[in-house]
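Between the sequences and the hints, there should be enough to build the whole structure, so can you do that?
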Amino acid sequence: MQRTRYGLAWIRARAAWLALGLLALPMAPMHALAEAPVVKLATLDYGLKARALADGVYVVEGANDDFTPANGCNIINTGFITTGAGVLVINTGPSKRYGEQLRALIARTTAEPVVQVLHLNLHPDYFLGNQAFADVPRSATPVTRAGMQREAKSYEDNLYRLCGDWMKGTESLLPSQSIGPGPLRIGQREFELREYQGHTDSDLVLIDRSSGVAFVGGLVFASRIPTTPHAEPKAWLRALDALPMARMTQVVPSHGPVHAGAQGQQQTKAYVAWMDEHFTRWAQSGWEMNEVLRAPVPDNFRRWAGWPAEYTRNVAHLYPRYERAALQGPKQP
Amino acid sequence: MNRRALMSWASAAWAAPLWVRDALAAADEFDGDPYKSYQWAELRKEFLGPKPRVVFDARVRVLGPAFAEDPMNVPITIATDLPGVQRMMVLVDRNPIRKVLELQPMAAQPSVSFRFKLEQASPVRALALTADGVWHVGGTWVDSAGGGCTVAGGTRADGSWSQTLGQVSGRLYSAAPGAAEAGARLRLRVMHPMDTGLVNGIPAFHLTRLSVRDAGDRELLRLQTFEPVSENPVLSFEFAKPPPGPLRIVGVDNNGNRIDSKVE
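Line by line, the protein sequences are chains A and B. Counted from 1, the first sequence has number 322 at position 322 by the numbering used here; the numbering is strictly sequential. Each number in the numbering used here comes from the position in the second sequence (counting from 1) with 333 added on.
Since the hints were made in silico from the structure, they are not lab data. In this text the structure is predicted, and so the values were computed from the model without any measurement. Beta carbons are placed, not taken as given, at the ideal position from N, Cα and C, and that holds for glycine. Treat the hints with care, since some could be wrong.
[As the list claims (entries may be wrong)] Computed footprint of chain A on chain B; a stretch qualifies when at least three of its residues, placed anywhere within it, have a C-beta under 8 Å from a C-beta of chain A:
| # | segment |
| --- | --- |
| 1 | 371-381 |
| 2 | 392-399 |
| 3 | 426-435 |
| 4 | 495-505 |
[Unchecked claim] Here are a few chain A residues that face chain B, going by a calculated C-beta distance under 8 Å:
| # | residue |
| --- | --- |
| 5 | 293 |
| 6 | 296 |
| 7 | 327 |
What follows is the structure in structure tokens.
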């Protein structure tokens, strides 16, 4: 009986695969222009490097991987931008040590002082480096600030467990001020800040008007299984459709390679839509979570970084909601 | 075959049935436990009584995730093809409360899916008692971030549990067309905080018994649930053919609150 069911699950999911194959867009391979940083475990050196994407616009790239001590738990792309009136820092990384090394890197790269930090969402590697930026204003949306306050303790515990020594001395230092969507002017730079929902309850996107470089935070994952601890798939799909891709010359996702064009947006959309559609169908067919965990996932997704652990997390985060909807049925709201 | 007879058989290992020989061959300090767990001997003593007949048996399948992303809700499916299963028990070696549930399949298949609270990385075992009095033990290993049993549940945190206590939502799924067997699966969600009693200031408060009855009031299966079962339990049961509905779900918690609900 059990075996038959799994067999059935396999066949159903295979049929779904075919459907996806027909819809999938041909996608050029994404060129990673930079390699993962060279990490020195013995000295806890992240090996951070600043890469200029445009005049005064820098990305500091992490590994496109999962949190492990081997990569220093540095899987995020942070950034900084000179303005003529000081440096704007975008996200501060996973630890105190990262924050310090990022600040030192900025000092090596430009003579301008750091004048502001911006957090694009509430996730731990967006703000656990804040101790190194205690002397500058740190901005996030009100929703993100509330979320960080709620989750900070469990983030610290979890990253200490996963990353060990890299986290030494790290304590969460929360943002100091609120910021909303709209134009943001610092020195000679004009930025556009846009707020969306879907990856989290508040996802900021920063576009540098003059260069067109866009820091899209967690809304776009490039060649990496999206993370979903605070995700709302349908809202996320709407946000991806609303992103002004045409205005972005280069897209800096928080996870995965920097790229031009809509490839990352399309990848994220394909994955989130696939999950939404299949989780709905599987829940309506009475599938158990263990069947969903073992369901065949399209090959193109399985080649991305973060597979398979991130899919296990996706199922844990999201499938119970689809189940609830299916079990409550049409009668009860 | 009584226990004395069994023991003398075992001493003549060459003539012993296969499972007895396996048990003898595996007589190490872990009694052949594939997970080499120091808790196993204690578990066996506590839950199976003195001198139980036990065999580690891959035919008792336990499916879980490789790691517990949400240690408050670790999904487990247990199932076996063994005939004549009387009872199935789920034990977790390294949980502070180690018994999760016990199923009497009766007219249902020897299988149940559920979620439970995992305190730390541990073997998760299913023990199936067959008609010959032998416990067949299967398991899986689940890694954990920790903290499942000593963290309060969501409805306890927001206080909403009292408005939904005992509500049941469920559906009976028939196998899709083309399936070799005309089986059926019952999925249930029962609203209950399932407090373990290990969180400071919140006494143990959990469902203790659930049973499923068919339209003719025949009892189809009986389930005992313990503290580690997750908040608002989601359960699946399997049937060889669809039972005549509407099904009635009856149960009780350790405070005497009754569950009585129908699934069409």
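Margin query: Using C-beta distances, would you say chain A covers the segment 371-381 of chain B, given that this needs three or more residues below 8 Å?
Written below: This one is violated; 0 residues, fewer than the three required, reach chain A with a Cβ under 8 Å.
Check: Should the interface hint for residue 293 of chain A be scored as holding, given a Cβ-Cβ cut-off of 8 Å against chain B?
Finding: holds (6 Å)
Notebook entry, point to check: Holds or violated: residue 296 of chain A as interface residue toward chain B, Cβ cutoff 8 Å?
Noted result: Hint violated; residue 296 of chain A Cβ to chain B Cβ min 16 Å, cut 8 Å.
Margin query: Does the closest beta carbon of chain B sit nearer than 8 Å to the beta carbon of residue 327 of chain A?
Written below: holds (5 Å)
Next item on the list: Confirm or reject the coverage of the segment 426-435 of chain B by chain A under the rule of 3 or more residues with a beta carbon closer than 8 Å to the chain's beta carbons.
Entry: violated (count 0)
Notebook entry, point to check: the segment 392-399 of chain B covered by chain A? Criterion: 3 or more residues, Cβ-Cβ distance below 8 Å.
Noted result: holds (count 5)
Next item on the list: Closer than 8 Å, Cβ to Cβ, for at least three residues: run that test on the segment 495-505 of chain B against chain A and report holds or violated.
Entry: n = 3 at 8 Å, threshold three: holds.
Going down the numbered hints, you'll see the structure goes against 1, 3, 6, while the others check out.
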